[in-house]
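Sequences and hints are given; from them, build the entire structure.
Going down the list, the protein sequences come from chains A, B and C.
The first sequence begins at 77 in this note's numbering and counts up by one.
The second sequence begins at 77 in this note's numbering and counts up by one.
The third sequence begins at 77 in this note's numbering and counts up by one.
A few of these clues could be false.
Any copy, or any two copies together, can satisfy a pair, since identical chains are not distinguished.
Unchecked claim - Under the rule of at most 30 Å between Cα atoms (straight-line distance), these lysine-lysine pairs were calculated in the DSS-like manner:
| id | residue 1 | residue 2 |
| --- | --- | --- |
| 1 | K132 | K340 |
| 2 | K157 | K272 |
| 3 | K262 | K366 |
| 4 | K366 | K132 |
| 5 | K78 | K188 |
Since the hints were made in silico from the structure, they are not lab data.
If you want the building blocks of each chain, they are given just below.
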Amino acid sequence: MKKILVYLSNEPKPSLFDLIVAYDSDVDVVLPYGDISKDDITDMVYGCIFTRRPKKLINTAILIGGNDSDLADKMMKKAKKTFFGDFKVSIMADPNGNSTTSAATVVKIKDKLEDLKGMKAVVLAGTGPVGERVSVLLHRERVNVTLTSRKQEKAEKVCGKIKEKYDRNVSPKQVSNDAECLEAVKGADIVVATGKAGIQLISKEVWSQCPSIKVLADVNAYPPAGVEGVEAADDGREVDGKYLFGAVAIGDIKTKGMRDVIRKMYEEKGAYMDLEKIYDITWESLAVKKERYEKGDKIM
Amino acid sequence: MKKILVYLSNEPKPSLFDLIVAYDSDVDVVLPYGDISKDDITDMVYGCIFTRRPKKLINTAILIGGNDSDLADKMMKKAKKTFFGDFKVSIMADPNGNSTTSAATVVKIKDKLEDLKGMKAVVLAGTGPVGERVSVLLHRERVNVTLTSRKQEKAEKVCGKIKEKYDRNVSPKQVSNDAECLEAVKGADIVVATGKAGIQLISKEVWSQCPSIKVLADVNAYPPAGVEGVEAADDGREVDGKYLFGAVAIGDIKTKGMRDVIRKMYEEKGAYMDLEKIYDITWESLAVKKERYEKGDKIM
Amino acid sequence: MKKILVYLSNEPKPSLFDLIVAYDSDVDVVLPYGDISKDDITDMVYGCIFTRRPKKLINTAILIGGNDSDLADKMMKKAKKTFFGDFKVSIMADPNGNSTTSAATVVKIKDKLEDLKGMKAVVLAGTGPVGERVSVLLHRERVNVTLTSRKQEKAEKVCGKIKEKYDRNVSPKQVSNDAECLEAVKGADIVVATGKAGIQLISKEVWSQCPSIKVLADVNAYPPAGVEGVEAADDGREVDGKYLFGAVAIGDIKTKGMRDVIRKMYEEKGAYMDLEKIYDITWESLAVKKERYEKGDKIM
Numbered sequence: 077m078k079k080i081l082v083y084l085s086n087e088p089k090p091s092l093f094d095l096i097v098a099y100d101s102d103v104d105v106v107l108p109y110g111d112i113s114k115d116d117i118t119d120m121v122y123g124c125i126f127t128r129r130p131k132k133l134i135n136t137a138i139l140i141g142g143n144d145s146d147l148a149d150k151m152m153k154k155a156k157k158t159f160f161g162d163f164k165v166s167i168m169a170d171p172n173g174n175s176t177t178s179a180a181t182v183v184k185i186k187d188k189l190e191d192l193k194g195m196k197a198v199v200l201a202g203t204g205p206v207g208e209r210v211s212v213l214l215h216r217e218r219v220n221v222t223l224t225s226r227k228q229e230k231a232e233k234v235c236g237k238i239k240e241k242y243d244r245n246v247s248p249k250q251v252s253n254d255a256e257c258l259e260a261v262k263g264a265d266i267v268v269a270t271g272k273a274g275i276q277l278i279s280k281e282v283w284s285q286c287p288s289i290k291v292l293a294d295v296n297a298y299p300p301a302g303v304e305g306v307e308a309a310d311d312g313r314e315v316d317g318k319y320l321f322g323a324v325a326i327g328d329i330k331t332k333g334m335r336d337v338i339r340k341m342y343e344e345k346g347a348y349m350d351l352e353k354i355y356d357i358t359w360e361s362l363a364v365k366k367e368r369y370e371k372g373d374k375i376m
Numbered sequence: 077m078k079k080i081l082v083y084l085s086n087e088p089k090p091s092l093f094d095l096i097v098a099y100d101s102d103v104d105v106v107l108p109y110g111d112i113s114k115d116d117i118t119d120m121v122y123g124c125i126f127t128r129r130p131k132k133l134i135n136t137a138i139l140i141g142g143n144d145s146d147l148a149d150k151m152m153k154k155a156k157k158t159f160f161g162d163f164k165v166s167i168m169a170d171p172n173g174n175s176t177t178s179a180a181t182v183v184k185i186k187d188k189l190e191d192l193k194g195m196k197a198v199v200l201a202g203t204g205p206v207g208e209r210v211s212v213l214l215h216r217e218r219v220n221v222t223l224t225s226r227k228q229e230k231a232e233k234v235c236g237k238i239k240e241k242y243d244r245n246v247s248p249k250q251v252s253n254d255a256e257c258l259e260a261v262k263g264a265d266i267v268v269a270t271g272k273a274g275i276q277l278i279s280k281e282v283w284s285q286c287p288s289i290k291v292l293a294d295v296n297a298y299p300p301a302g303v304e305g306v307e308a309a310d311d312g313r314e315v316d317g318k319y320l321f322g323a324v325a326i327g328d329i330k331t332k333g334m335r336d337v338i339r340k341m342y343e344e345k346g347a348y349m350d351l352e353k354i355y356d357i358t359w360e361s362l363a364v365k366k367e368r369y370e371k372g373d374k375i376m
Numbered sequence: 077m078k079k080i081l082v083y084l085s086n087e088p089k090p091s092l093f094d095l096i097v098a099y100d101s102d103v104d105v106v107l108p109y110g111d112i113s114k115d116d117i118t119d120m121v122y123g124c125i126f127t128r129r130p131k132k133l134i135n136t137a138i139l140i141g142g143n144d145s146d147l148a149d150k151m152m153k154k155a156k157k158t159f160f161g162d163f164k165v166s167i168m169a170d171p172n173g174n175s176t177t178s179a180a181t182v183v184k185i186k187d188k189l190e191d192l193k194g195m196k197a198v199v200l201a202g203t204g205p206v207g208e209r210v211s212v213l214l215h216r217e218r219v220n221v222t223l224t225s226r227k228q229e230k231a232e233k234v235c236g237k238i239k240e241k242y243d244r245n246v247s248p249k250q251v252s253n254d255a256e257c258l259e260a261v262k263g264a265d266i267v268v269a270t271g272k273a274g275i276q277l278i279s280k281e282v283w284s285q286c287p288s289i290k291v292l293a294d295v296n297a298y299p300p301a302g303v304e305g306v307e308a309a310d311d312g313r314e315v316d317g318k319y320l321f322g323a324v325a326i327g328d329i330k331t332k333g334m335r336d337v338i339r340k341m342y343e344e345k346g347a348y349m350d351l352e353k354i355y356d357i358t359w360e361s362l363a364v365k366k367e368r369y370e371k372g373d374k375i376m
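If you want it as structure tokens, here you go:
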């Protein structure tokens with residue numbers, strides 16, 4: 077029986093990136109739907125659960141993409157509520173790749189620093205969906221997380237949302253100039269930049285003044301970098317005793333993690349791939365990748 | 077050569093249900109098109125018949141879905157007219173699953189009662205596409221069919237349409253209350269409810285007064301049932317000497333029949349799968365299913 | 077790894093013809109996108125080049141269709157500019173099948189006349205995309221080409237565009253009546269009609285007065301023919317010492333050529349299938365076809 081992935085997006089054009097990654101994840105058929113609203117979810121779920129016998133539903137799964145992360149999360153929850161008894165399929169939400177990107181970022185940091193417990197992290201310009209998710213995952217690793225925005229009010233709003241949505245505690249802080257930035261990152265072990273492409277969030281002059289900083293990561297692929305000095309290909313490059321991670325290195329494990337999450341949807345019927353599950357699988361993906369690399373198998 | 081199914085729908089989003097069922101019918105590739113009007117049919121047919129050599133066209137077929145049954149029938153006829161000589165492909169119309177659902181309903185009844193000839197049937201709230209098709213198929217089995225509506229005028233209009241479209245004779249009758257309902261079903265052998273979801277069409281009090289009734293079927297899956305007392309999973313359950321059929325049992329053979337019709341489109345080039353052909357194939361599907369069941373093979 | 081073809085069209089509905097031909101070209105998955113503008117190209121290219129490792133990108137390719145030939149050419153150029161280093165995929169533009177149709181037309185003529193060098197050709201009603209491309213390909217075979225239009229001004233405009241876009245020299249000529257037509261084709265070896273369906277461009281009375289004419293080709297499949305006397309199935313039929321080619325015979329090698337071009341996109345990473353490349357491959361396709369035919373292998 078064919079492995080079918082139903083791909084739902086609020087955007088008119090389903091993400092080509094996601095469709096290709098899905099086909100590279102041992103899925104036989106991807107059925108892409110654009111312009112999907114929350115109102116369409118019930119019918120889409122019925123289309124999934126009533127077309128194959130319950131025991132065969134392990135071969136059907138849903139991936140929610142699109143460019144609205146909160147909507148995608150709501151769609152996923154609505155789908156879950158529509159399932160009943162044996163009539164359920166695996167489901168994953170990864171709008172704009174935000175969950176897999178966030179997971180890959182934190183996985184990279186954890187892999188370098190090993191135990192994150194008790195460390196301090198600053199998520200610069202963290203008010204978008206990647207900043208939100210990176211903060212949540214760092215807090216789950218028992219890191220003390222500060223999330224910054226150019227406006228204190230906005231940072232507070234997002235931290236409030238994180239508390240409500242994930243029950244995670246993140247501290248808000250305004251960073252609108254170099255002085256505030258230095259104040260924010262002083263004493264931090266980890267700095268992650270999650271701002272929009274093309275905006276520098278922290279200068280090298282600032283971060284080089286902070287001996288506590290061990291890792292700087294930047295999810296933005298296009299210059300100028302959010303963290304001055306980080307290059308997209310940086311995969312733990314050491315500069316002044318700090319390890320740098322850029323978007324290409326993060327993107328590499330992100331894509332691998334995404335493939336593995338999709339594959340695992342077909343191993344357990346009704347798997348619910350939320351952010352934390354995606355993170356756990358991405359962590360395993362990195363471990364497998366490193367093991368293969370150490371064995372000399374560079375073809376991944 | 078890949079088996080390609082061109083799926084045409086007047087709706088913007090092609091039915092997920094249909095696409096999954098198609099992929100479960102040994103089709104290699106489904107090409108779904110939404111927002112299709114009758115004007116698009118010529119180009120779509122040309123796309124089918126001019127891309128492969130005539131002798132290879134057995135590997136291309138068209139399935140017309142959508143939510144407008146009359147339009148779908150017109151599209152199917154227009155496609156047939158566009159074919160010429162060896163330049164033709166198999167085609168099937170099953171908008172909203174109405175033809176396969178109707179076929180499955182009558183097949184279930186015939187399977188239980190064996191010979192329907194000369195029996196009396198009442199199709200309650202039969203003015204929609206399923207009521208129309210169930211009436212036609214029952215009449216083809218030489219059943220005397222009465223089709224009801226809350227308004228006599230509407231029942232007459234649909235019976236007129238059935239006469240014109242299928243050359244089948246069905247009697248109209250107004251049923252707007254329990255007294256009229258009792259009058260309609262008195263003496264009937266078969267009662268089928270084909271109304272909208274959530275509207276009870278006949279109470280148990282009414283049908284239990286009619287010793288003539290042998291079978292009650294209800295195509296609506298969501299409570300309250302159209303026939304009070306019928307449950308969705310009922311597959312011939314006996315209550316007060318009558319056999320009850322619900323939407324899930326009907327849906328089961330409907331999906332199987334649909335798969336078989338799609339499969340058969342690739343066995344004969346230019347097969348024209350209209351309602352009667354769909355019914356005949358669904359009847360065979362049920363026979364095969366029962367045979368396998370009797371052999372102890374429960375995995376279907 | 078699956079061979080993926082990303083199909084981009086400016087039209088809302090991607091061409092069914094193209095999708096079926098693509099699936100018949102050993103492509104595993106076609107991902108069709110409609111309503112594509114030039115602005116979407118960057119994201120689409122990123123979706124292609126960032127989802128698989130560079131060495132695996134030989135398995136991803138782009139086909140640009142649609143109904144706007146100039147736009148398609150611009151999209152193709154923009155895609156090429158977006159590629160960098162090893163991050164590139166094969167790409168082909170064939171809007172409305174114009175490039176493959178033009179290639180097939182000239183290939184048919186060359187196959188019949190062997191060496192076209194120094195010959196004279198008239199492309200009647202050549203102001204559309206097929207006329208433009210046929211003129212370019214004939215000029216590349218060192219033919220002296222005259223392109224006609226009902227208005228001198230329009231013919232000049234298109235010849236100017238051909239000079240600018242392809243650096244090919246084609247002479248414009250007004251043909252708005254039989255006398256002008258006779259004047260245009262007198263002394264010509266080759267006449268190709270590339271006008272709209274249903275408009276006769278040259279009468280038999282005119283062309284039978286010209287002993288120099290060796291080949292008359294007509295790309296229009298629907299009567300009346302652009303060249304009076306040509307039938308769609310004509311594949312070099314001799315009439316009054318002239319060879320006639322109709323749309324079905326041309327379409328046959330067009331489809332074969334298109335399949336071969338698509339196949340070759342997966343043999344060389346980053347292949348750039350412009351008009352001339354399409355022509356060269358179609359020429360090989362015809363040679364292979366003839367060889368197989370001579371061996372008695374008629375199943376193609």
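Each hint, compared with the structure:
Proximity of K132 to K340 under the C-alpha cut-off of 30 Å is found in both arrangements, the shortest distances being 15 Å within a copy and 23 Å between copies. Proximity of K157 and K272 under a CA criterion of 30 Å is satisfied inter-copy only: 24 Å between copies versus 34 Å inside one chain copy. Within a single copy, K262 and K366 get their C-alpha atoms no closer than 32 Å, and across copies no closer than 75 Å, so neither meets the 30 Å cut-off. Only between protomers do K366 and K132 lie at most 30 Å apart by alpha-carbon distance; the minimum there is 20 Å, versus 34 Å within a single protomer.
Taking the shortest alpha-carbon separations for K78 and K188, neither the intra-copy value of 39 Å nor the inter-copy value of 34 Å comes in at or below 30 Å.
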